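Protein chains: 2
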Amino acid sequence: MPLSSRIVPVILSGGAGTRLWPLSRESKSKQFFEFFPGGSMLTQTLARTPAGEFADPLIVCNAACAEMVMAHSAGRPVTLILEPAGRNTAPAIALAALALPEDALMLVSPSDHRIADLDAFHKAIATAAPLAEQDWLVTFGITPDRPETGYGYIRGGESIADGARRVERFVEKPDAITAQAYLDEGIYSWNAGIFLMRAGAFLDALGHYAPAMLAAARAAMDGAVREGAYIRPSADAFMASPSDSIDYAVMEKAENVAVVPVDMGWSDIGSWDALYELSEKDTQGNVHLGDVLSLDSARCMVRSEGPLVALSGVDDLVVVATGDAVMILPRGESQDTKNVVDALKESQHPILKR
Amino acid sequence: MPLSSRIVPVILSGGAGTRLWPLSRESKSKQFFEFFPGGSMLTQTLARTPAGEFADPLIVCNAACAEMVMAHSAGRPVTLILEPAGRNTAPAIALAALALPEDALMLVSPSDHRIADLDAFHKAIATAAPLAEQDWLVTFGITPDRPETGYGYIRGGESIADGARRVERFVEKPDAITAQAYLDEGIYSWNAGIFLMRAGAFLDALGHYAPAMLAAARAAMDGAVREGAYIRPSADAFMASPSDSIDYAVMEKAENVAVVPVDMGWSDIGSWDALYELSEKDTQGNVHLGDVLSLDSARCMVRSEGPLVALSGVDDLVVVATGDAVMILPRGESQDTKNVVDALKESQHPILKR
Numbered sequence: 003m004p005l006s007s008r009i010v011p012v013i014l015s016g017g018a019g020t021r022l023w024p025l026s027r028e029s030k031s032k033q034f035f036e037f038f039p040g041g042s043m044l045t046q047t048l049a050r051t052p053a054g055e056f057a058d059p060l061i062v063c064n065a066a067c068a069e070m071v072m073a074h075s076a077g078r079p080v081t082l083i084l085e086p087a088g089r090n091t092a093p094a095i096a097l098a099a100l101a102l103p104e105d106a107l108m109l110v111s112p113s114d115h116r117i118a119d120l121d122a123f124h125k126a127i128a129t130a131a132p133l134a135e136q137d138w139l140v141t142f143g144i145t146p147d148r149p150e151t152g153y154g155y156i157r158g159g160e161s162i163a164d165g166a167r168r169v170e171r172f173v174e175k176p177d178a179i180t181a182q183a184y185l186d187e188g189i190y191s192w193n194a195g196i197f198l199m200r201a202g203a204f205l206d207a208l209g210h211y212a213p214a215m216l217a218a219a220r221a222a223m224d225g226a227v228r229e230g231a232y233i234r235p236s237a238d239a240f241m242a243s244p245s246d247s248i249d250y251a252v253m254e255k256a257e258n259v260a261v262v263p264v265d266m267g268w269s270d271i272g273s274w275d276a277l278y279e280l281s282e283k284d285t286q287g288n289v290h291l292g293d294v295l296s297l298d299s300a301r302c303m304v305r306s307e308g309p310l311v312a313l314s315g316v317d318d319l320v321v322v323a324t325g326d327a328v329m330i331l332p333r334g335e336s337q338d339t340k341n342v343v344d345a346l347k348e349s350q351h352p353i354l355k356r
Numbered sequence: 003m004p005l006s007s008r009i010v011p012v013i014l015s016g017g018a019g020t021r022l023w024p025l026s027r028e029s030k031s032k033q034f035f036e037f038f039p040g041g042s043m044l045t046q047t048l049a050r051t052p053a054g055e056f057a058d059p060l061i062v063c064n065a066a067c068a069e070m071v072m073a074h075s076a077g078r079p080v081t082l083i084l085e086p087a088g089r090n091t092a093p094a095i096a097l098a099a100l101a102l103p104e105d106a107l108m109l110v111s112p113s114d115h116r117i118a119d120l121d122a123f124h125k126a127i128a129t130a131a132p133l134a135e136q137d138w139l140v141t142f143g144i145t146p147d148r149p150e151t152g153y154g155y156i157r158g159g160e161s162i163a164d165g166a167r168r169v170e171r172f173v174e175k176p177d178a179i180t181a182q183a184y185l186d187e188g189i190y191s192w193n194a195g196i197f198l199m200r201a202g203a204f205l206d207a208l209g210h211y212a213p214a215m216l217a218a219a220r221a222a223m224d225g226a227v228r229e230g231a232y233i234r235p236s237a238d239a240f241m242a243s244p245s246d247s248i249d250y251a252v253m254e255k256a257e258n259v260a261v262v263p264v265d266m267g268w269s270d271i272g273s274w275d276a277l278y279e280l281s282e283k284d285t286q287g288n289v290h291l292g293d294v295l296s297l298d299s300a301r302c303m304v305r306s307e308g309p310l311v312a313l314s315g316v317d318d319l320v321v322v323a324t325g326d327a328v329m330i331l332p333r334g335e336s337q338d339t340k341n342v343v344d345a346l347k348e349s350q351h352p353i354l355k356r
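Chains A and B, in that order, are what the protein sequence lines are. Residue numbering for the first sequence follows the working numbering, starting at 3 and increasing by one per position. Residue numbering for the second sequence follows the working numbering, starting at 3 and increasing by one per position.
Just so you know, the hints here were simulated from the structure itself, not pulled from any lab data. One should not assume that every hint holds.
Derived lysine-lysine pairs resembling DSBU-like cross-links, with alpha carbons at most 35 angstroms apart [claimed, not checked]: (1) B:Lys30 / B:Lys125; (2) A:Lys355 / A:Lys30; (3) B:Lys30 / A:Lys30; (4) B:Lys355 / A:Lys283; (5) A:Lys283 / B:Lys125.
Please read these numbers as outputs of a predicted model, since none were measured by experiment.
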């Protein structure tokens, strides 16, 4: 039995980010959209751990999204753990760990990130697997290519195997000067939220550092109801859990945390500008998705989920159109999407509930 | 009986201009939209000839638009002549003339123009009425305020009354140098397609210069069916009519044509830029109509017929959003709307049929 067949993809499909508003919404978050040929982010996440090479995936998602998740699973035999409410990543992963045999290796990953170099990812998994077998909680650290201030960083310590180091510490999102220093130092990587861990090892650490969370997750799974591919944890028990990320609850505290640095064309598609940079452009430098007519326009990022978007004589714009909203801002300023969403929140615009 | 109660507003509500695409469509043209407070262009056109001061209006429109026209009549008792197909303005006016007593004074006007100074308009009508009684075909000439190349011009000749001249000639849309010369000369005005004519006088002229058209219109009205407020001319007869404008068919040929120059804040709202110029602006110089959120954006003309349009950090754009289309172009370049529509035609985009 090849090693990897013991590896169970655990895919976290929660979240309702607004960085790609007006596309991503409370009711339909980023992983359900296609940004690159080959299906939605979720579909492509599943495709990264092919059947035969990996065990059947476990997807932890909001109960309200169950059918949408199933529709994006492209026929893969998946099991869904349906969270009655979001409690951040640590409790979500705990549910998955409790649903698996103790010696299963959980490959935990978000469902809304891009990985361009699949070989590099698989090689990193192969590097990490023997460490995870030895109860290391392994995180995959993305080799940084710029002084990014939007991510947390991981500082690598002593080498523990070829291509792996003990984690010296996790650090919060740095300012620009610190980020440049991290980049120059060469032993930092980005924290991408992708982990390989033996289920039992994770539960041990959780019991040690966040016992209330483990108790809540265990009670939720003890009271779980299974309906076909759906596992419904006990709502009351799960909602009693503290809410925390795996980083805060476990990784930053545990001693047995390893990092496997990897350069795999990773991106969390954190903004329209990021998407523009990663997308194929036409000869005028435009990226068009959907029904777009462009005349004498250059370097625009245009996405339509329905309406025809016609541009004439404009340059360097981000234009995103859905059935009920259009957002326009200068390319390079797409972080201002947040300001737009904040202003809509402030005015209690009904669109935010859609 | 005051003179004006003999004046019958004859409103031409045909046309399917694309200069205000994507708002104006084949199925819903400009006059059915509100651009200035006070109702749609059609509603405001009707309001310019108030009940009591003017006779009940006659509206010539496409049969397919009958209900929409009625809905925009704001309860005014109107009669609609329903054209089975468009044959340009001369046959449309002929239908109206044939529906009226010979001595009715027809105040012919488009339904999609703006007149800001109603007093000036009414004074010009008072000037024109005695001339129309004497069988002058009176056209109201707009005093030009710029060397516009988008309109035809009227050259005034000898004075025939206070505030009125015989028309020396109609001239086609000039080039920029010619337009400037016209402006400097001071005896040219813009041809706005607004006329005051005795019905019988118009029919006489039509019979003289375009007898086939008169015959077709007469046959169409002889075979007309009246249903409540609707008059349905015989389709076969009307569709046999030559198609021509009143300018070409009659005005440019007849001897008894007078011009009453008037400065009344007239505009045909021929472009998004024109609309921007005429609209009230906020302190950042923006014009917003509909559900618009604007952050750090200036001098934009934004109109939404439904979707939320959110702008951040952009200047000098025209943005028009409907349920199925969004157009974005630089302000000052809104004549490029035509290029957009042409490109959509070329690609046979289905939206043009909506």
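Status of each hint after checking the structure:
1. B:Lys30 / B:Lys125: holds, 33 angstroms
2. A:Lys355 / A:Lys30: The hint holds at about 11 angstroms.
3. B:Lys30 / A:Lys30: Cα-Cα ~34 angstroms, so holds.
4. B:Lys355 / A:Lys283: holds, 31 angstroms
5. A:Lys283 / B:Lys125: Measuring from Cα to Cα gives roughly 60 angstroms; hence the hint is violated.
When the structure is compared with the earlier hints, a violation turns up for hint 5 alone.
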